[in-house]
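full-length UniProt numbering puts the first residue of the sequence shown at 1, with every later residue one more than the last.
Simulated from the structure, these hints should not be mistaken for laboratory data. Don't take each hint at face value.
[Unchecked claim] The calculated DSBU-like cross-link candidates involving lysine-lysine, where the alpha carbons are at most 35 Å apart (straight line), are:
1) Lys243 x Lys277
2) Lys161 x Lys277
3) Lys278 x Lys161
4) Lys277 x Lys151
5) Lys326 x Lys203
6) Lys203 x Lys161
7) Lys278 x Lys243
8) Lys243 x Lys203
9) Lys214 x Lys317
10) Lys203 x Lys317
11) Lys161 x Lys326
12) Lys151 x Lys61
13) Lys151 x Lys203
14) Lys151 x Lys326
15) Lys61 x Lys278
16) Lys317 x Lys61
17) Lys214 x Lys277
18) Lys277 x Lys61
19) Lys317 x Lys277
20) Lys326 x Lys278
21) Lys161 x Lys151
22) Lys317 x Lys151
23) Lys317 x Lys161
24) Lys243 x Lys161
25) Lys214 x Lys243
26) Lys61 x Lys161
27) Lys214 x Lys278
[Unchecked claim] Ranges between beta-carbon positions, derived for each pair:
28) His233 x Glu265: 42 to 48 Å
29) Lys203 x Ala313: 37 to 43 Å
30) Ala313 x Gly100: 18 to 24 Å
31) Ser302 x Leu45: 23 to 29 Å
32) Thr287 x Pro181: 32 to 38 Å
Being a predicted model, the structure only gives us computed values, none of them experimental. Each residue gets a CB set at the ideal place from its N, CA and C atoms; glycine is no exception.
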Amino acid sequence: MLNKTRGHTCLLASGMAALVLLMVVLYGTIGPQQASGSILRPGYLLRGSPLYQLDLSWPRKPELFSGQVFGVAVNQNAGMVYVAQRGADVPKVLVFSTEGEFLMSWNTTTLEMPHGIFLADAASANPTVWITDVGNGPYGHSVKQYSPSGKLLQVLGAPGKAGSGMNPVQFDQPAEIFVHPSGEMYIVDGDGGMNNRLIKLSKDHEVMWMHGEKGQGMAQFYIPHSVTVDDYHRVWVADRGNKRIQVFNSITGEWLGTWGSCFSEDAPYSVRLTPDKKYFVVVQLNTNQISLLEAPPVGLISQCRVVSVIQLAEEVKPHLVDLDLKTGALYVAEIGAQQAQKFTPFRLGGNFL
């Protein structure tokens with residue numbers, strides 16, 4: 001009788017634990033600085049609303065990563081993921097399918113210290129890969145366009161010559177580029193160099209507007225590191241050195257607002273918008289975090305609100321991210337861990353539980 005009672009007690013305790021875990025998964029929330037509830041998974045901790053889960057099967061051959069993985073770019077139409085890495089004697093770009101199969105790699109001597117990667121015209125028959133280069137040698141301080149197989153197509157800036165000129169445009173350690181479907185380009189220029197600029201170029205590469213003053217005030221920057229554009233004509237810039245995100249009108253360049261309260265512990269390094277337009281994905285390298293912030297509606301910037309945090313292991317050092325606009329899958333480039341990881345939108349009943 002005693003053993004049966006103990007058995008019922010253990011069963012009840014197990015059931016209660018499972019119920020508590022399920023409630024945390026379903027209803028966990030997080031404020032800007034404090035989490036309630038947590039779920040431990042191999043290699044990471046999820047706090048807040050469960051929005052993403054790690055895909056342990058991607059890629060199928062992680063041993064192919066051999067350098068510092070600094071960026072990812074997704075071609076959702078072709079089902080391909082471009083993983084960019086840097087280092088001596090390593091392929092600069094590895095290409096995987098969204099299912100994890102290795103497809104190809106390419107290298108080039110025209111990249112010295114690549115920093116950011118972006119896939120443009122993904123919906124067209126001829127997508128291209130843009131890579132920023134912060135190197136100090138003869139190919140650095142430039143933004144380069146490549147074919148999907150690695151053929152150099154064109155170069156923006158004056159390779160090997162750091163500068164602040166606008167006609168023609170020059171760069172000093174350009175961090176990242178975002179190419180709008182219209183062909184217009186947004187470049188954050190200044191990963192520690194003389195420039196601290198946000199530049200908008202036309203599809204013909206003419207300067208349309210620019211903010212380029214170093215400082216902590218409105219429309220001033222200190223190490224702008226990442227840039228993205230939403231559907232409401234708003235440009236979002238990860239102003240790394242100032243530990244904030246600044247927002248601008250994409251047409252006029254007018255300053256619209258800033259988010260800073262969510263980044264008291266570490267700066268935002270990367271900013272991207274989820275396909276459903278509900279959240280901004282923001283990476284914080286030094287605290288090894290990927291945060292999802294509630295995206296404000298049109299006409300309202302207000303205060304930032306963190307909805308979910310993916311806490312990665314120590315020394316992973318996530319750098320830049322990209323999303324599959326069809327499936328919502330999140331790909332993270334991790335410099336410290338020398339790998340890229342895939343997170344898929346959370347679905348109750350999947351492997352997460």
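Consistency of the hints with the structure:
The straight-line distance between the Cα atoms of Lys243 and Lys277 is roughly 23 Å, inside the 35 Å bound, and the hint therefore holds. Proposed proximity of Lys161 and Lys277 is contradicted: the alpha carbons are some 39 Å apart, above 35 Å. With a C-alpha separation of about 41 Å, the suggested pair Lys278 and Lys161 falls outside the 35 Å cut-off, and the hint is violated. Among the hinted pairs, Lys277 with Lys151 is consistent with the structure: their alpha-carbon atoms are about 33 Å apart, no more than 35 Å.
Only pairs whose Cα atoms come within 35 Å are accepted, and Lys326 paired with Lys203 is accepted, the gap being roughly 25 Å. Taking the CA atoms of Lys203 and Lys161, the gap is near 23 Å; set against the 35 Å cutoff, the hint holds. For a cut-off of 35 Å, the pair hint linking Lys278 to Lys243 stands: about 22 Å separates their Cα positions. Of the pairs offered as hints, the one joining Lys243 and Lys203 holds, with about 31 Å between alpha carbons and a cut-off of 35 Å not exceeded.
For the hint linking Lys214 to Lys317, the alpha-carbon distance of about 26 Å falls within 35 Å, and the restraint holds. Under the criterion of a C-alpha separation no larger than 35 Å, the hint pairing Lys203 with Lys317 is consistent with the structure, at around 34 Å. A C-alpha spacing of about 39 Å is found between Lys161 and Lys326, which places the hinted pair above 35 Å, so the restraint is violated. Between the alpha carbons of Lys151 and Lys61 the distance comes to roughly 25 Å, so the proposed pair stays at or under 35 Å and holds.
At roughly 20 Å between alpha-carbon atoms, Lys151 and Lys203 fall within 35 Å of each other, so this suggested pair holds. Taken as a hint, the Lys151 and Lys326 pair is honoured in the structure, with Cα atoms around 27 Å apart against an allowance of 35 Å. Among the hinted pairs, Lys61 with Lys278 is consistent with the structure: their alpha-carbon atoms are about 32 Å apart, no more than 35 Å. For the proposed pair Lys317 and Lys61, the alpha carbon gap of about 21 Å is at most 35 Å, so the pair holds.
Taking the CA atoms of Lys214 and Lys277, the gap is about 31 Å. The hint holds against a cut of 35 Å. Proximity of Lys277 to Lys61 is assessed by CA-CA distance (about 32 Å); at most 35 Å being required, the pair is judged to hold. Proposed proximity of Lys317 and Lys277 is supported: the alpha carbons are some 26 Å apart, at most 35 Å. Taken as a hint, the Lys326 and Lys278 pair is honoured in the structure, with Cα atoms around 15 Å apart against an allowance of 35 Å.
With a C-alpha separation of about 22 Å, the suggested pair Lys161 and Lys151 falls inside the 35 Å cut-off, and the hint holds. For the hint pairing Lys317 with Lys151, the CA-to-CA distance comes to about 30 Å; that is within 35 Å, so the pair holds. With a C-alpha separation of about 30 Å, the suggested pairing of Lys317 with Lys161 holds against the 35 Å cut-off. Between Lys243 and Lys161 the CA atoms are separated by roughly 29 Å; this keeps the pair inside 35 Å, and the hint holds.
Our distance criterion of 35 Å between C-alpha atoms is met by Lys214 and Lys243, whose separation comes to about 14 Å. The straight-line distance between the Cα atoms of Lys61 and Lys161 is roughly 38 Å, outside the 35 Å bound, and the hint therefore fails. For the suggested pair Lys214 and Lys278, the alpha carbons sit about 31 Å apart, so the restraint of at most 35 Å is met. At about 31 Å, the beta-carbon gap between His233 and Glu265 misses the expected band of 42 to 48 Å.
Checking the proposed 37 to 43 Å range against Lys203 and Ala313 shows it holds: the Cβ atoms sit about 42 Å from each other. For the hinted restraint 18 to 24 Å between Ala313 and Gly100, the CB-CB distance of approximately 21 Å keeps it satisfied. Look at Ser302 against Leu45: about 28 Å separates their beta carbons, and that is inside 23 to 29 Å. Separated by about 33 Å at the C-beta atoms, Thr287 and Pro181 satisfy the suggested range of 32 to 38 Å.
When each numbered hint is compared with the structure, violations occur for hints 2, 3, 11, 26 and 28.
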